[in-house]
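With chain A fixed as given, assemble chain B onto it according to the hints.
Protein chains: 2
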Amino acid sequence: MILTVTLNTALDLTYGVPELVPHASHRVSEMSERPGGKGLNVARVLSALGHETVVTGFAGGSTGTVLRELLAGLPATDAPGPGAPGPEAPGTAPAPTTPAPITDALVTVAGNTRRTIAVVDRATGDTTQLNEPGPLVTADEWAALLGRYEELLAGADAVALCGSLPPGIHVGAYAELVRAARAAGVPVLLDTSGEPLRRGIAARPDLIKPNADELAQLTGSREPMRATRDARRRGAHGVIASLGPDGMLAVTPDGIWQAAPPARVPGNPTGAGDSAVAGLLSGLVEGLSWPDRLRRAVALSTATVLSPTAGDFDRAAYEELLPRVGVEEHTPAAR
Amino acid sequence: MILTVTLNTALDLTYGVPELVPHASHRVSEMSERPGGKGLNVARVLSALGHETVVTGFAGGSTGTVLRELLAGLPATDAPGPGAPGPEAPGTAPAPTTPAPITDALVTVAGNTRRTIAVVDRATGDTTQLNEPGPLVTADEWAALLGRYEELLAGADAVALCGSLPPGIHVGAYAELVRAARAAGVPVLLDTSGEPLRRGIAARPDLIKPNADELAQLTGSREPMRATRDARRRGAHGVIASLGPDGMLAVTPDGIWQAAPPARVPGNPTGAGDSAVAGLLSGLVEGLSWPDRLRRAVALSTATVLSPTAGDFDRAAYEELLPRVGVEEHTPAAR
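Line order of the protein sequences matches chains A and B. If you're matching positions, the first sequence starts at -15 in the working numbering and goes up one per residue. If you're matching positions, the second sequence starts at -15 in the working numbering and goes up one per residue.
Incorrect hints may have been included.
Said to hold, decoys possible - Example chain A residues on the side facing chain B (calculated, C-beta under 10 Å, incomplete):
id : residue
1  : G45
2  : N115
3  : T122
4  : H154
Because the hints were derived from the structure by calculation, they are not lab data. Since the model is a prediction, treat every value here as computed from it, not as a measurement. Glycine included, each C-beta is placed from N, C-alpha and C at the ideal position.
Extracted from the complex, chain A is given alone in its bound form (with noise of 0.2 Å):
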């Protein structure tokens, strides 16, 4: 079983609107709802590709039942079409057509949990972003959390800590559970930000996943290959950048690697790191090696950024793309 930790668990709602004009008044057309959180993004993949999943972190309130429902009624039955799969590459083969089950361990907490809306331009598929603060978790909610999170940690073989802190966890909360998992000698991903990211490397999680801007804000530099070098000094074992549609750099204790798409794709970027979260630890988990994982985890995000729905991946184009991502090794000379 995989587990993911989502803190900052939301309730995600997209509406459709001709187009957001500021200070006027909108007719929300179409409208959608489903559980959120980066981990619970993550989750919901790694079903899509066969694992169990356990998700944990907080949910209260009005909207934490509704998010708890919905994820009740995941995976969706309504399983995707049979897509076309290409030609197998080593290592890789299709995922699933039957997702695996996804287990509610979510703590449940007093304060609401929040809401996020996605105001989606239909002309122009734009999307403007209205985030809720978290609810104020206390210190007794965040220790029924750390003794679920340490039962879980004891069946799991891999764990994803995802996202934002809500209000009232301290900063060193991640770092909290990355020397929980290593203690328990689970394989720790970590994947969030700023000042919880900058503490958490420092506990020396197995791999972390930023992105441009937040390898930036944590190492000083936007030069890629230097400040992947950095973050990995800083106590990650490995750091996985990255690139957007560029794709990804890997830097790890068994090498260097460099991960792209065949070609630049058009679409929405909604959820791609999720997505490439839950190839980086299914890979790991059923012990690809580096090249293959790296793989997964660019053509899951490119199927991603190709799906109508907003973190959902498109599952032919994933099975298409995975054997044209194109991985290359830096030798020891250009390391």
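Relative to chain A, chain B alone:
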């Protein structure tokens, strides 16, 4: 008791952001949640004026549950301050400081009550509005509402029919509700727009309270006196046209009056129309003269524009404005 009907209730969310920028991501710095829909806003003002109110209409789903929980908390226990009552105008005693109860007689539906989101730019106070569509109401749910409505009419001194129709409700719904009120001998005020207003007027409501846009849509004229008289010829016994900051024009069986606040005031007009409805209806039930009803309606709506919270009225401003609203009768020659 005064009855208000809100077929398309809403959970009204207000989000404070520094500035709404299309296609950017925003952290909501302040948020509030309150039960909404025009008839619920009218009920809140009636309660503040000391009138027992019963609210009916539809509510459902998780948002409907939250709406009803918030409604159960009304009237707020933190009563507004005593204010500074001005000299009393004839027949218009200052509003009591103890609010009267609001009773929930909403009919539960299977669909989800809609949310509305007001995004307020903190720097300028400008508001961008996003309104979800209402729930699809079934024929059985509409029949349940009709039954509940007829029971409630038996104990009502007046009824206000407010706002838009949710999906599934036929466009002649308000006409049906107007006829039932007239059959029961209960004075009925209709406050809606478009085709539901056009149809509703034909059923001969006692009062309608259109604004300039609604009047123009109904009659094709933007000339207040002409449009108001035209609206009356279509079936409404009395037409109180809201002229925005210029006050109100009343064309009634008893005469024609124009009422205006002492000065134009800056602020947020959200809810000013609902406060006017509460003023007109409470004045009718109390047997006030037309000039005193109009004085109250104009003072309440002006005090709503002045209030820092959208939809609430500033009680001190109301008491101070009440005797200063100018009311002028149009002489028969001028008619």
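Does the nearest C-beta of chain B fall within a distance shorter than 10 Å of the C-beta of H154 (chain A)? violated, 20 Å
Does the CB of G45 (chain A) sit less than 10 Å away from some CB of chain B? holds, 9 Å
Chain B contact restraint on T122 (chain A) - CB to CB distance below 10 Å: Constraint on T122 (chain A) not satisfied, violated at 20 Å.
For the hint on N115 (chain A), just tell me whether its beta-carbon gets within less than 10 Å of chain B. N115 (chain A) check passes; min Cβ-Cβ to chain B is 6 Å, inside 10 Å.
When each numbered hint is compared with the structure, violations occur for hints 3 and 4.
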